[in-house]
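Colleague: Sequence:
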Amino acid sequence: MKFNKMYKYVRLFSTEQIVPRVCIVGAGPAGFYSAQQLLKTINNVRVDLLEKLPVPYGLVRFGVAPDHPEVKNVIHTFEKIASNPRFRFIGNVNIGKDITVKELQEIYHVVLLAYGAEEDKTLNIPGENLNNMISGRQFVGWYNGLPADSNLNINLDVEEAVILGQGNVAIDIARILLTPVDKLKNTDITSHSLEKLSKSKVRKVSLIGRRGPLQAAFTIAELREILKLNNCETYWRKDDFINVKEVVNTLTRPRKRLTELMLKYLEKIPSIQDTRTKELYLLFLRSPVKFLGSNNISGVKLSINKLEGNDISTQVAIPTGLFEEIECGLAFRSIGYKSVPIDISIPFDKKIGRIKNTAGKVQENLYAAGWVATGPVGVILSTMTNAFQVCRKYLIIKEYLQYHIMIGKKLIKLNVKKEKY
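Start counting the sequence shown at 1; every next residue gets the next number (UniProt numbering).
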């Protein structure tokens, strides 16, 4: 049944009281945390959560590594939200096709877009379409059971792999490739990916970033975990760490701890009797300029960079004019996600990759929260914070503190909890 055929089930025609109805598009963390705040703050609000997939939870279900069950524990919070009688989940609804955003705005008093970032950024360099050049996002979806990625065409019958990008997702990919299969068996990784990984011949993984160690995007928790793999030795290039030690004490605490961990392992000398079978190389100051090979990828050509700028956090990578090549039979692109416009009526900034908004407000009765509003940055905690801000500070305070909404020509009083903000 087309969603727009369900209008009559959504509208409320009671003359005694018109219940405020909110539609949230996207059943990931931003959507659920937004619903939580609305249900908590407005006593009689009804929230419908629409999702393109038949199941909820978004990246928590399909984007978190299977060996990180503690991160997925947030699903218990979402289940509690979903149990609220004023909440309704509606899956298999493709906004822009089954129903438009403007039609939703006519049905609901408020529409909140929280559908995240579902595509990955591309490098736009020669050879990016070679066989075994894999999207990091699709690889993550593959081992997590995302239906659209279940038939990912990946060849693991190679010894050397390259991962372009140094964020937490890149670390996840490297860890899945390097972790012993017996250990992966104890996770909720999909059976089809476990079977293929059990036959993998990948023994060497290079994790490549365009800037230096001081700008690496991975967190200390992710790095520490992969460094503790008993079957894997980690290698660094000392040239990448020139002058890094001298500025450690000037760094913020999280960056300082991360840098000190890298420096500790930089000085570690591998044992001659080491029996580890896998290798991880962390390479900095390198940018891919071309993938090598005719049909199948055989390597990557890298530009050697230098950093310019006085502020460590904003230093930019500048090509030196020097290059190097690394052999590989498998490569992953993991340089970030991007949001897409799901409806032509949404004002969208394609350059930045997010919906145009001011503090969460897009236009009259249309809002945005989470990655689709801020850009794909941060972890679940930062997404939660943004959703709370939009729903409590902006959506509720600025719009609902007047205790009414306009329905036709009537002013309807809302039952809003009075809280100090």
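No wet-lab data here; the hints were simulated from the structure.
Treat the hints loosely; a few may be bogus.
Said to hold, decoys possible - Derived lysine-lysine pairs resembling DSS-like cross-links, with alpha carbons at most 27 angstroms apart:
id, residue 1, residue 2
1, K306, K245
2, K204, K102
3, K278, K204
4, K268, K256
5, K228, K290
6, K204, K264
7, K102, K278
8, K278, K185
9, K228, K199
10, K102, K201
11, K306, K52
12, K196, K183
13, K228, K185
14, K290, K301
15, K201, K228
16, K306, K199
Colleague: List in ascending order the numbers of the hints, as given earlier, that are violated by the structure.
Modeller: 2, 5, 7, 10, 11, 16
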